[in-house]
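Number of protein chains: 2
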Amino acid sequence: MKNYIQPNEWKIVEEGFDPQLNKISESLFSIGNGRMGQRANFEETYSGETLLGNYVAGVYYPDKTRVGWWKNGYPDYFAKVLNAANWVSITISIDGETVDLHDAVVSDFKRTLHMQEGYLERQFTAQLKSGKQIQVVAKRFCSIADDELAAIHYQVKAVNFSGTIAITSAIDGDVKNQDSNYDEKFWDETAKQYTDETLFLTMTTKKTAFDVCTAAFTQVSVNGKDIAPDQESIQKDKFISNAFNVTVQQGEVVDIYKYACNVTSQNYEKDALQDAAKKAIARAQDKKFDGLFQDQVAAWAAKWVESDILIEGDVAAQQAIRFNIFQLNQTYTGADARLNIGPKGFTGEKYGGSTYWDTEAYCIPFYLATAPQEVAKNLLIYRHNHLQKAIENAEKLGFSGGAALYPMVTMNGEECHNEWEITFEEIHRNGAIAFAIFNYIRYTGDAAYLAEYGLEVLIGIARFWKQRVNWSAEKNKYVILGVTGPNEYENNINNNWYTNILAAWCMRYARESAEYVKTTDAARYAEITGLTSFNEQQEFADWTSIADQMFYPYSEKEQVFLQQDGYLDKEQMLVSDLPASDRPLNQKWSWDRILRSGFIKQADVLQGMYFFEDDYDLDTLKRNFKFYESRTVHESSLSPCVHSILAARLSDEEKAYEFYLRTARLDLDDYNNDTDDGLHITSMAGTWMSIVEGFAGMKVRDNVLQFNPFLPSQWNSFTFSMGFRGTQLKVKIDASQISITNFSAQEIEVAVFNQRYTIKEGEQHISYNELLV
Amino acid sequence: MKNYIQPNEWKIVEEGFDPQLNKISESLFSIGNGRMGQRANFEETYSGETLLGNYVAGVYYPDKTRVGWWKNGYPDYFAKVLNAANWVSITISIDGETVDLHDAVVSDFKRTLHMQEGYLERQFTAQLKSGKQIQVVAKRFCSIADDELAAIHYQVKAVNFSGTIAITSAIDGDVKNQDSNYDEKFWDETAKQYTDETLFLTMTTKKTAFDVCTAAFTQVSVNGKDIAPDQESIQKDKFISNAFNVTVQQGEVVDIYKYACNVTSQNYEKDALQDAAKKAIARAQDKKFDGLFQDQVAAWAAKWVESDILIEGDVAAQQAIRFNIFQLNQTYTGADARLNIGPKGFTGEKYGGSTYWDTEAYCIPFYLATAPQEVAKNLLIYRHNHLQKAIENAEKLGFSGGAALYPMVTMNGEECHNEWEITFEEIHRNGAIAFAIFNYIRYTGDAAYLAEYGLEVLIGIARFWKQRVNWSAEKNKYVILGVTGPNEYENNINNNWYTNILAAWCMRYARESAEYVKTTDAARYAEITGLTSFNEQQEFADWTSIADQMFYPYSEKEQVFLQQDGYLDKEQMLVSDLPASDRPLNQKWSWDRILRSGFIKQADVLQGMYFFEDDYDLDTLKRNFKFYESRTVHESSLSPCVHSILAARLSDEEKAYEFYLRTARLDLDDYNNDTDDGLHITSMAGTWMSIVEGFAGMKVRDNVLQFNPFLPSQWNSFTFSMGFRGTQLKVKIDASQISITNFSAQEIEVAVFNQRYTIKEGEQHISYNELLV
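One line per chain: the protein sequences are R and Y, in this order.
Start counting the first sequence at 1; every next residue gets the next number (full-length UniProt numbering).
Start counting the second sequence at 1; every next residue gets the next number (full-length UniProt numbering).
Warning: the hint list may mix true and false statements.
Simulated pairs of lysine to aspartate or glutamate, EDC-like, Cα-Cα distance not exceeding 20 Å [stated by the list, open to error]:
#1 Lys730/Y to Glu763/Y
#2 Lys185/Y to Glu184/R
#3 Lys238/R to Asp295/R
#4 Lys71/R to Asp674/Y
#5 Lys71/R to Glu15/Y
#6 Lys71/R to Glu635/Y
#7 Lys236/R to Glu184/R
None of these hints come from the bench; they were simulated from the model.
Taking the hints into account, I'd like the entire structure generated from these sequences.
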């Protein structure tokens with residue numbers, strides 16, 4: 001665990017330069033705008049340890065699968081989030097001596113992520129070997145107001161010398177992915193050009209043939225006087241730059257402004273790309289840095305109005321939750337239904353493919369509450385767009401008749417994971433995708449979504465489950481064999497309780513949804529049943545029959561749902577029995593030992609009880625929570641939030657807070673020694689859930705927004721913003737009351753501890769004393 | 001299935017040249033001598049489809065593991081049997097036109113593997129594009145009498161022209177493995193030299209630094225007149241050759257003799273290698289081709305005396321069994337305890353590492369009966385030599401205190417497989433290794449082996465099982481969780497019946513063996529208990545207690561042992577329900593579907609009943625055989641032989657013969673479309689077992705050799721050679737009697753259908769009528 005980030009309510013601050021921490025900081029200080037993003041690599045040359053990362057959303061490379069032994073049905077490739085052209089490069093040379101913090105004496109180094117305004121700032125003083133000193137202040141951001149654009153303002157001050165500063169501003173496309181399976185480079189150059197002092201580099205991805213044109217215009221001035229660049233650009237393979245030579249007197253400051261853009265063939269015809277880039281650069285030249293910056297601050301202010309959480313009395317917690325919200329908002333804006341939320345967002349290469357079940361199970365609740373309804377809807381439509389691919393994916397595994405198995409990992413709807421125990425067996429993802437539709441409608445009330453998009457997806461998913469079960473003559477029930485649940489410390493198990501309840505629920509929900517559409521929109525229903533060759537009578541009967549006769553493992557002795565068949569045959573060690581030196585298990589134990597043990601990566605029985613909380617009474621929840629919590633090592637970043645929410649439900653406020661802490665600062669404190677790879681973006685939504693669904697007990701039941709709040713004793717109060725069905729709310733919870741501010745003219749009914757209140761425009765205080773009466 | 005091999009009792013014959021079949025034939029016509037071997041690649045240039053393969057026993061490369069996601073405990077590499085320097089290369093050029101069967105009109109092509117004499121012959125007529133015709137007869141062998149040596153006699157006749165024949169004789173070390181994980185070459189050149197008209201090329205393997213010196217001396221003559229080679233050799237990177245230019249008149253024949261040797265740093269100091277090669281070549285020059293050939297024929301004659309099986313009345317079966325025996329004898333001679341039997345022997349690269357459990361479960365019985373006792377003993381000592389590595393392997397997985405887990409695949413004792421479900425879970429191999437010790441002593445009576453080597457291995461194995469079980473409070477028994485049995489169409493199952501019985505047996509046998517050594521050799525026992533820090537009282541008690549309380553899954557309803565927990569939850573489809581178009585499952589079904597189905601790759605319950613046949617009555621065997629046979633798809637080449645033996649035991653002669661047929665011609669008929677990769681060497685021992693243990697019902701019980709023979713109705717008789725405790729026997733089974741010839745002065749007691757007979761030197765006939773009385 002690291003502890004070098006300075007506490008601050010609105011900023012992430014690193015003071016002093018420690019090369020050992022640089023890759024961690026590159027992740028932490030990442031910036032993005034949903035369309036592109038990058039790690040906090042230095043603009044100037046750096047020959048120390050660094051992981052270069054510039055990413056363009058939706059642009060990927062299908063890297064040939066690397067496995068020991070091929071199994072039938074494996075996907076051909078693992079999609080890789082691509083390291084794209086590096087446009088931040090600004091090389092500085094003082095009288096021929098390159099500025100490189102690896103070789104310089106660095107002082108006054110400070111890196112700041114301004115979360116409120118959405119920009120990255122870095123300042124330092126570097127003394128070169130020659131003794132010459134410069135002071136640098138660099139600011140940059142990816143514009144969230146104009147998502148093709150990014151800007152840098154890089155200032156160099158000649159502290160103790162007069163001389164020549166040579167500046168080279170580059171676009172370097174000769175990059176590679178650290179996680180390339182076969183050490184290949186993924187890009188080919190298509191074109192480059194230097195015109196109107198603007199650099200253009202167009203590259204195309206191998207195999208997938210995405211074209212990306214990156215352009216950059218650089219303006220250099222001293223004392224307000226512009227310096228003209230050299231007439232000729234410097235061109236190499238996949239590289240283009242232009243250079244400026246500036247003569248400075250001691251004490252003078254050179255201002256470098258660099259405007260860059262990325263435009264892709266996803267949004268433009270390939271032959272129109274350079275022109276689109278030119279227009280983007282022109283917009284930047286027009287607005288200038290200050291204008292772009294103003295737009296950025298305004299856009300972020302709007303985001304914070306929708307999604308901020310204010311915590312009084314705990315700076316570390318305050319910083320952490322804002323960091324999580326900031327990163328989520330940087331990663332996905334909901335503007336484009338073709339995009340999704342990679343587990344590492346724009347902060348690293350790991351986990352390659354963009355979309356996991358994380359999106360449906362963890363991210364959707366965050367975006368439902370903190371962004372316009374279209375944002376979560378676009379995440380659902382993403383899966384609808386991939387329905388045909390999901391059907392093909394199921395066909396590869398031997399299913400038929402429109403059964404859809406959504407991929408475990410995907411970029412374009414095709415499966416691209418390559419472990420059989422995940423790809424073929426972790427089929428619970430199909431359930432989470434159906435649940436997200438339910439959850440979206442429960443929150444938004446937009447039941448028309450079923451007719452519009454949802455029902456087709458639900459039919460495909462229900463058909464999959466229907467074929468995936470088999471009848472066990474031995475058990476006289478339907479069983480689901482050979483699965484991996486969310487607890488990935490088990491593989492190829494039978495009757496995973498979570499998968500079985502989810503499968504049965506999916507079949508019932510698909511039928512209910514079909515009946516709803518049939519009743520409310522007969523014409524569309526006819527269209528869908530035609531499109532899907534739906535045999536209503538037979539399929540309804542099958543789904544109901546299977547759901548009614550599904551087998552659920554249960555222990556009479558322990559009075560708990562059993563995670564899977566035979567779970568109690570395992571040695572029933574508890575986490576409290578584990579020596580600290582054995583943890584984390586995934587680093588200290590062999591895979592074989594982990595699999596055989598009863599220890600749980602994330603407790604899927606509890607995940608199921610979280611999804612379907614209304615189906616279980618508190619005693620049942622309590623027994624299962626106690627049983628599973630004591631066996632769970634939380635070695636998935638997605639694990640603690642569910643425990644936090646359930647502990648809150650069980651009024652175990654201490655445990656709820658403890659689990660919240662486990663993820664809130666996961667990256668800021670580099671808790672798992674892996675932040676250098678990138679941030680745990682999707683689990684950040686879980687932290688938000690801990691506060692809003694856990695501490696505030698927010699949920700929607702029967703179209704009513706409910707709160708069952710408590711205040712962690714470590715805090716004075718917490719306040720979160722949320723939207724609900726056309727209203728924008730601010731909810732403040734302190735020791736004595738819950739205060740709800742309704743910013744909309746539209747009134748809204750809420751329940752607090754099951755008492756109903758009508759919240760009109762303005763602020764209403766509900767004291768807990770009042771509730772106790 | 002192919003059907004192009006001509007039936008012949010002693011020869012494998014291919015007539016006519018079909019390039020489509022070339023890679024299959026390269027496998028089938030492979031030759032070797034236990035120390036080196038090669039595929040039947042052409043001597044002359046061939047630009048068509050070919051898989052070049054020259055192998056030197058024990059020389060391997062640790063190819064970096066290729067996996068999708070790393071799991072703790074994975075081995076770093078997968079050992080690769082190395083394609084080594086190609087020394088057969090003899091390039092022929094007629095007036096500047098290269099002879100290449102890919103470009104020539106080929107007639108009278110015939111390839112013959114002379115199994116009785118142990119050599120490969122090939123003849124053809126080739127008409128080049130120029131119209132010039134040559135006739136070629138090529139013979140070659142790897143000397144089994146002098147296993148560093150190999151020889152070629154290559155004759156070229158100028159059929160219709162007079163002109164110049166340019167001959168280049170090469171050693172080409174610039175080869176690679178087709179299955180290289182990262183497309184690397186595995187060899188570096190160390191030295192090359194051309195001296196005394198002899199080519200020397202010394203190469204070293206990357207990482208493992210095995211040096212191999214390959215040398216070749218070539219002699220060319222026309223009409224008995226020697227042709228001198230060019231003075232200078234041709235040298236390139238990893239390549240050396242010398243050339244001869246011969247002027248011929250129409251009808252003249254050029255004789256090319258090439259003597260080659262491989263010597264390795266396993267047997268010589270590195271700086272003495274070239275000298276050793278020089279001496280080997282000198283031996284060849286001294287004996288000449290004819291002398292070496294005479295030695296070869298004599299050595300093979302001796303092998304056939306020990307191991308031949310004669311089948312009267314069925315040429316295809318005769319050819320097949322001799323082919324299997326021939327290949328086994330080519331692959332392993334037992335001369336060196338550092339060597340073992342790779343699943344593909346010297347016929348291909350597949351399966352990389354040399355040693356699998358195939359050796360103990362299938363090959364040991366063959367070598368026990370057909371070779372001197374030392375041969376099987378060396379196979380056991382191989383594992384004893386790896387004991388420390390097996391202990392380290394177990395430690396990597398979290399075991400301690402001298403517990404030994406032998407690797408699933410190995411070259412040097414280190415595990416080198418890379419699928420977790422195999423490497424970590426297919427632990428039954430540990431049982432087969434213990435069983436082989438038992439089997440060796442049962443057959444040979446050499447109980448002193450326990451004190452000498454066996455007990456240490458058994459203690460390590462028993463300790464592993466002791467730690468690998470866990471107590472199930474639920475079942476009130478010891479269980480073994482998370483294993484893969486020999487049926488690899490299941491992964492990560494619990495309580496695999498076969499593994500559980502084997503584990504319990506191992507612990508009991510280790511205790512019995514320890515008690516035996518304690519009684520018979522107290523001093524050595526003290527030494528072993530000291531070396532292994534053996535806590536006799538505690539460990540004996542643990543082993544017995546666990547063995548006595550082991551859980552064995554059983555179905556009351558079906559009255560069969562259950563392959564694993566929950567097997568009956570699967571859909572109980574039978575193989576007879578499977579459409580032909582679905583088979584083989586491993587090519588037609590996704591892995592996911594295979595795993596979920598009840599279909600069995602090889603039936604491990606039956607494997608266990610084969611090992612421990614005396615523990616089960618015939619009714620029990622019959623029920624289990626019927627149950628599992630109907631669910632087994634035999635997609636392991638190791639599967640049918642066990643079914644054949646058990647069917648014979650159940651007097652189901654038709655089924656016994658049917659299963660025998662499934663493997664006997666597996667490669668000759670390319671039954672599985674994979675012979676091009678190499679031959680199924682280890683499963684060939686299973687074919688031998690079908691005849692000797694199945695049809696003849698040979699076994700050893702209470703130190704007595706027993707036979708319970710039957711004659712397949714398709715045959716007139718069968719006769720096999722075997723050795724038993726100092727006697728050499730020939731056993732002939734025909735329709736009316738069993739005839740046993742004892743070639744030794746020592747008499748031997750045998751039981752035929754449980755009646756005892758004393759067989760003195762000479763032949764004794766035992767009529768079945770007599771037995772029926």
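Subject >> In rising order, the numbers of the hints this structure does not comply with >> reply: Numbers 3, 5 - these are the hints that the structure violates, sorted from lowest upward.
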